[in-house]
Amino acid sequence: SRWNGQSLSSGGLAQVYGFTDLDGSRPDAWRYVPEVEDAGKPADVTGYR
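Each residue of the sequence shown is one higher than the one before, starting from 28 at the first, in the numbering used here.
Wrong hints could be hidden among the right ones.
Said to hold, decoys possible - Listed next, the in silico SDA-like pairs over lysine to any residue satisfying Cα-Cα at most 20 Å (straight line):
(1) LYS68 with TRP57
(2) LYS68 with ALA56
(3) LYS68 with ASP55
(4) LYS68 with GLY45
(5) LYS68 with ARG58
Note that these hints are calculated values from the structure, not bench results.
All chains should be modelled from the sequences, with the hints used to inform the complete structure.
As C-alpha coordinates, this is what we get:
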(Lines of atoms letter the chains of each structure in order from A; the text may use other names.)
(Lines give C-alpha, C1' and ligand atoms only; values in the text may rest on other atoms or scores of the structure.)
Protein backbone atom coordinates (compact mmCIF):
# COMPACT_ATOMS: atom_id res chain seq x y z
CA SER A 28 0.00 0.00 0.00
CA ARG A 29 1.22 3.49 -0.83
CA TRP A 30 0.89 4.93 2.68
CA ASN A 31 1.42 1.76 4.74
CA GLY A 32 3.19 2.46 8.05
CA GLN A 33 3.41 6.23 7.49
CA SER A 34 2.06 9.07 9.60
CA LEU A 35 0.27 11.50 7.31
CA SER A 36 -1.39 14.89 7.68
CA SER A 37 -4.84 15.63 6.33
CA GLY A 38 -3.43 18.67 4.51
CA GLY A 39 -0.81 16.56 2.76
CA LEU A 40 -3.37 13.99 1.68
CA ALA A 41 -5.73 16.75 0.51
CA GLN A 42 -3.01 18.01 -1.82
CA VAL A 43 -2.29 14.54 -3.18
CA TYR A 44 -5.96 13.73 -3.82
CA GLY A 45 -7.18 17.24 -4.70
CA PHE A 46 -9.58 17.68 -1.76
CA THR A 47 -10.66 21.15 -0.65
CA ASP A 48 -12.62 22.69 2.23
CA LEU A 49 -16.24 23.67 1.65
CA ASP A 50 -15.11 27.17 0.64
CA GLY A 51 -12.74 25.72 -1.98
CA SER A 52 -9.55 26.46 -0.05
CA ARG A 53 -6.81 24.07 1.05
CA PRO A 54 -5.70 25.15 4.54
CA ASP A 55 -2.07 24.36 5.31
CA ALA A 56 -1.74 24.52 9.11
CA TRP A 57 1.55 22.62 9.23
CA ARG A 58 3.22 25.27 7.07
CA TYR A 59 1.49 28.14 8.94
CA VAL A 60 2.67 27.12 12.42
CA PRO A 61 6.46 27.36 11.88
CA GLU A 62 6.35 30.22 9.36
CA VAL A 63 3.96 32.47 11.30
CA GLU A 64 3.28 31.34 14.86
CA ASP A 65 6.76 30.09 15.75
CA ALA A 66 8.36 33.11 14.07
CA GLY A 67 6.16 35.50 16.09
CA LYS A 68 4.64 37.14 13.01
CA PRO A 69 1.17 38.71 13.09
CA ALA A 70 -1.64 36.23 12.50
CA ASP A 71 -2.69 36.24 8.84
CA VAL A 72 -4.00 33.07 7.24
CA THR A 73 -4.36 34.56 3.76
CA GLY A 74 -1.37 32.77 2.25
CA TYR A 75 -2.20 29.48 3.94
CA ARG A 76 -5.71 28.89 2.56
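- Message: Please verify whether LYS68 and ALA56 have alpha carbons no more than 20 Å apart.
- Response: Holds, because 15 Å separates the two Cα atoms, which is no more than 20 Å.
- Query: Has the given pair, LYS68 with GLY45, been kept, meaning a C-alpha gap of at most 20 Å?
  - Reply: Violated - the C-alpha atoms of GLY45 and LYS68 are around 29 Å apart, more than 20 Å.
- Query: Regarding the pair LYS68 and TRP57, is the alpha-carbon distance no greater than 20 Å?
  - Reply: holds (15 Å)
- Query: Given the proposed pairing of LYS68 with ASP55, does the C-alpha separation stay at or below 20 Å?
  - Reply: holds (16 Å)
- Would you mind confirming whether the straight-line C-alpha gap from LYS68 to ARG58 stays at or under 20 Å? holds (13 Å)
Hint 4 alone, counting from the list given before, is not met by this structure.
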